[in-house]
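Colleague: For the record, the sequence lines run as chains A and B. Using the working numbering, read the first sequence as starting at 1135 and increasing by one per residue. Using the working numbering, read the second sequence as starting at 2 and increasing by one per residue.
No wet-lab data here; the hints were simulated from the structure. Values in this document were obtained by computation on a predicted structure and should not be read as measured data. Worth double-checking, as some hints may not be accurate.
Stretch by stretch, here's where chain A covers chain B in the computed footprint (C-beta under 8 Å, at least three residues) [unchecked claim]:
#: 1; stretch: 269 to 279
#: 2; stretch: 302 to 308
From the derived model, a few chain A residues whose C-beta atoms are all more than 12 Å from chain B [claimed, not checked]:
#: 3; residue: Q1140
#: 4; residue: F1167
#: 5; residue: A1176
#: 6; residue: L1203
#: 7; residue: Y1215
#: 8; residue: I1240
#: 9; residue: G1241
#: 10; residue: I1259
#: 11; residue: E1301
#: 12; residue: T1360
#: 13; residue: L1410
Just so you know, even glycine gets a beta-carbon here, dropped at the ideal spot from N, CA and C.
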Amino acid sequence: MDPNTQALVQTLAQGLLTGGIYALIGTGLSLIFGVMRVINFAHGDFLAVGMFIALFLFQRLHLDPYLSLLIAAPIGFGLGYLVQRFLLARLGDRLESSSMLATLGIGLILSNGLLLGFGAQPQSINVAYATKTFALGGIQISLPLLIAGLGTVLAIVLLNLFLYRTELGRAVRATAQNPLGAELQGVNTNWVQAVVFGLGVAFAVVAGVLLLPLLYAFPTVGENYTLKAFVVTVLGGLGNLPGAIAGGLILGIIESLGAYYLSNNYRDAYGLVVFLVVLLLRPEGLFGRTVKRV
Amino acid sequence: MISRPRALTYGNVWLSVILLAVMALYPFVFGKAMNFGVSTLLLAGFAMSWNILGGWAGQLSLGHAALLGIGAYTVTLFAIPERAPAWLGLAGPVAPWWGTLIGMGLAALLALVWGWLTFGLRGSYFVLSSIAVALIIRLVVINEDFGGGAEGLFMPDLPKLFGLDLFDRKVEYGLAFFFVALTLLVTHMLRRSRLGYALQAVREDEDGARALGIDPRRMKLAAFVISAMLTALGGSIYAIYLQAFEPHTLLELPLSVQIALMAIIGGRSSIQGPIIGALLLAIFGEVFRNIFANANLLIYGVLILAVTLFAPDGLVGLFKRRGSKLGANR
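Use the sequences and the hints to build the structure in full.
Modeller: In structure tokens form, the structure reads like this:
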């Protein structure tokens, strides 16, 4: 391969793997929006919570971050379940804007709680594999990034099995399509919504844990990821799960290409610009069909 | 956005006059705590300016820090001798009041473009786009030469304003007081104007308002431009008060969130709500500073949760509701 092609392939591979993680975060947000029409402004902060759970377990118990998934994911699920059950559900059918404000408040409580507990100093873990890369057909791929990409695939496969192979998954899909109709068919939609919020948060937490070997953890790290999750879901169409996956990959590739060929300083801006353009021209998302303007 | 009769809950002029009188007396009573006074007044002014777009036009912006930043950066850049002339080929630095006016103009221009592009979007989509626009502006300021990078800018020595030293805290208090009074005046005028009524109609029922011959996008644009110019004015005063600032404190999302939440916690439905919200949160911030250190937004999180759960119209709305219940029982 000539150096230019090689650089391009390298950049694309990097972008695709990063995009996988964005897809994982966006899937959680999209799942929540699809079922309960709530835009979760605390999504990135739940991701930060995941990072800090893994960091804490690593520092105190020397638990490998990937093993701590077994603890972090259920905690995330429980946290999301409780938040939906005891806070968001109480807003009743008061509008989109009050649930948005409530999740904004939850996000502030989470990020500032982490700040109180862990301090503002960025922290990282030193595991042997954090900096390990291996060569694949002439391109270098970082091991934790590859594991994160594989973890994303696994999580999304599991989610699909859940949605399309289980009774509860059917109830979730029914609630997403028509909450009242589902209720009439004997679905306990309140419970379903709490489960879905729990799942969405668990996805964010898992993404946080997978990112820990790659990034510094600090309490406000989530801010950036909340926005990335929005970009991903808007690109794919709010509530559209396959769209979220595609949106994540697209965002990852746009960022990598922009950072390499234009300027690394504006890495975070490329996605935002695309996001604004899509928002203006196709608010239903690149892959949305009949979603009407809210 | 929220369909609930609001017309009854607008505060009266006298309450505003009393609030202003209390603010005017502050320096004579608490002359030692001028920093608290100036920053609280500025926050109140920002919350009220935000409220013209967020409360009156019902467009929840989480990007107002960008407009504030434009005011602050412009007034400072135009006052620095090495930077001002290079920019526009001017002979030397521009007096701060001219810098302020230029900043307000730039903010109005940005609001026009930004609003024109995004007011077709409704609800959450506008909120998301406002965050995105503000973040892009922040990235430009940090990465381009003119903004002084991550270190930000220093305000140079400023010429005296009518013989008054602009770096005297009492003078700064006067400027902040002027900012709040002007914002309050604009809000009151808006309340009685065609634009004000049109905005309320658009907020309650956009399609209904359109049927009445109101152009919702145009009304929202007008509200955004007014809101943006006032915010930029406040930003200029904030820059003079701070003397040195960095993008980190001035352009980040938390400041935008803080501005919006002060207005919402106090009450979007009233004229004085944002002032009361700002005052309350400033006092809370002061009280909890030792306990929470820099986790000061924690209290905003708790309050906004409490408000969305128990007082959707904000604290002022809560009192009004209690009041009318008492009245009904009599």
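Colleague: Each hint: holds or not?
Modeller: Okay, the hints, checked on the actual structure:
For the stretch 269 to 279 of chain B, the proposed coverage by chain A is not satisfied: 0 residues have a C-beta within less than 8 Å of a C-beta in that chain, short of the threshold of three. Taking a C-beta to C-beta cut-off of 8 Å, the stretch 302 to 308 of chain B contributes 6 residues in contact with chain A, enough for the three needed, and the coverage statement holds. The Cβ of Q1140 of chain A lies farther than 12 Å from every Cβ of chain B, with a closest approach of about 28 Å, so its non-interface assignment holds. Taking the minimum C-beta to C-beta distance to chain B, about 9 Å, the non-interface status of F1167 of chain A is violated against the 12 Å cut.
Annotated as non-interface, A1176 of chain A brings its C-beta within 12 Å of a C-beta of chain B; the closest such distance is 9 Å. For L1203 of chain A, the condition that its CB be more than 12 Å from all CB atoms of chain B holds, with the nearest at approximately 27 Å. The claim that Y1215 of chain A lies off the interface holds: its Cβ sits roughly 17 Å from the closest Cβ of chain B, which is beyond the 12 Å cut-off. Consistency note on I1240 of chain A: stated as away from chain B, yet its beta-carbon is not over 12 Å from all of that chain's, at 7 Å minimum.
Not every C-beta of chain B lies more than 12 Å from that of G1241 of chain A, the closest at about 7 Å, which undercuts listing it as non-interface. The Cβ of I1259 of chain A lies farther than 12 Å from every Cβ of chain B, with a closest approach of about 23 Å, so its non-interface assignment holds. With a least beta-carbon separation of about 32 Å from chain B, E1301 of chain A lies farther than 12 Å from that chain, consistent with its non-interface assignment. Not every C-beta of chain B lies more than 12 Å from that of T1360 of chain A, the closest at about 9 Å, which undercuts listing it as non-interface.
L1410 of chain A, annotated as away from the interface, has a beta carbon of chain B within 12 Å; the closest lies near 5 Å.
Violated hints for the displayed structure, listed by number in ascending order: 1, 4, 5, 8, 9, 12 and 13.
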